[in-house]
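**Q** So the protein sequences, as listed, match chains R and U.
Start counting the first sequence at 3; every next residue gets the next number (our numbering).
Start counting the second sequence at 858; every next residue gets the next number (our numbering).
Simulated from the structure, these hints should not be mistaken for lab results.
Since we're looking at a predicted model, the values are computed, not measured.
Quick reminder that beta carbons are idealized off the backbone N, C-alpha and C, glycines included.
Watch out, some of these pointers could steer you wrong.
[Claimed, not checked] With a straight-line Cα cutoff of 25 Å, these simulated SDA-like cross-link-like pairs (lysine to any residue) come out:
no.: 1; chain 1: U; residue 1: K973; chain 2: U; residue 2: D1000
no.: 2; chain 1: U; residue 1: K861; chain 2: R; residue 2: A61
no.: 3; chain 1: U; residue 1: K861; chain 2: R; residue 2: P67
no.: 4; chain 1: U; residue 1: K867; chain 2: R; residue 2: L48
no.: 5; chain 1: U; residue 1: K867; chain 2: R; residue 2: L57
[As the list claims (entries may be wrong)] If you only want the chain R side, here are some residues facing chain U, beta carbon under 10 Å, derived:
no.: 6; residue: T10
no.: 7; residue: V26
no.: 8; residue: A42
no.: 9; residue: L59
[As the list claims (entries may be wrong)] Looking from chain R toward chain U, a few residues come up when the C-beta cut is under 10 Å (computed):
no.: 10; residue: S12
no.: 11; residue: A18
no.: 12; residue: M21
no.: 13; residue: F30
no.: 14; residue: A32
no.: 15; residue: N33
no.: 16; residue: S45
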Amino acid sequence: MILRESLTLSLLGGVAGLMAGVVVSELFNANPFMAGFIHAHFSPGLFVQVVTTALVLEAVGGAYPACGRRGCDQ
Amino acid sequence: MILKSLLRRKTRTLLTIASVAIGVAAIVALGALAEGLAAGYGAPASGSGADLLVAQADAMDIIFSAVDGEVGTALANLSGVEEVSGMVYTMVSTEGVPYFIVFGYEPDGFAIQHFKIVAGEKLTEWVARHGGRPLILGRAAADDLGKEVGDTFRLYESTYRIVGIYEIGEPIEEGAAVVLLDDAQALSGHPRQVNAYLLKLRDIQDAERVRQRIKGGCCG
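The following block holds chain R by itself, in its conformation from the complex (with noise of 0.2 Å):
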């Protein structure tokens, strides 16, 4: 119940974070100030790699209450 709490918790978070990226970063594009200097650029992979960050570490974060509730140790 735990797992699933904390795992539904990143996905939220991990989905509204991939949306705020994108627009500071689009944000960031739509300055001529820098744009010329660097232009963000996404590639599938990264989204991917950051989804996969967000649920592995709230995993992690949420197998240790579980566990505490649970007792893993037994």
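Assemble chain U onto chain R, guided by the hints.
**A** Below, chain U alone, put in the same frame as chain R:
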């Protein structure tokens, strides 16, 4: 069941989602910028149609590279080399933009041909008829700065005339301008140097042999 549990503690849920979202957004933005930077720095060489690029051996990046003009003459005389084109890649300040990328190419060289003119005319055509200080501007830069063909454009204290707008598909090159090699050398403060020489070979199979000769110090 899970959603019900999460909605029961709304503040905790929102704070947790926000913390994950901030971390993910930071990774996405930094990752996108890093990918853009890597793609952009390779673009001037990869899109030009060159088979080899010769730059200063110990330069951290091509923008910091300086190769003497005599090297270009020696490279042109190397067996297997069909054409050599010098390239200047520099950063100048212009109207409201402190770091604006400017490329310099020989007007009749092969490397400048990859800038596809969508409005106005090529540097070569303009120079043949009018001379002066022409400049072609990338589509993204023209849109961002509100410039079009016929306008003037200041780079440091010099005024250039925009004679063409190009599209190329690479963000860094489209957010930049191209001027004649001599003008770019003056802007960079190195009148007899280029950042790199782009080489077109007679036979691509010769690339490794030519590369080894250049690395061996054939050309200065």
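**Q** Which numbered hints turn out to be false for this structure?
**A** As far as the earlier hints go, only 4 is violated by this structure.
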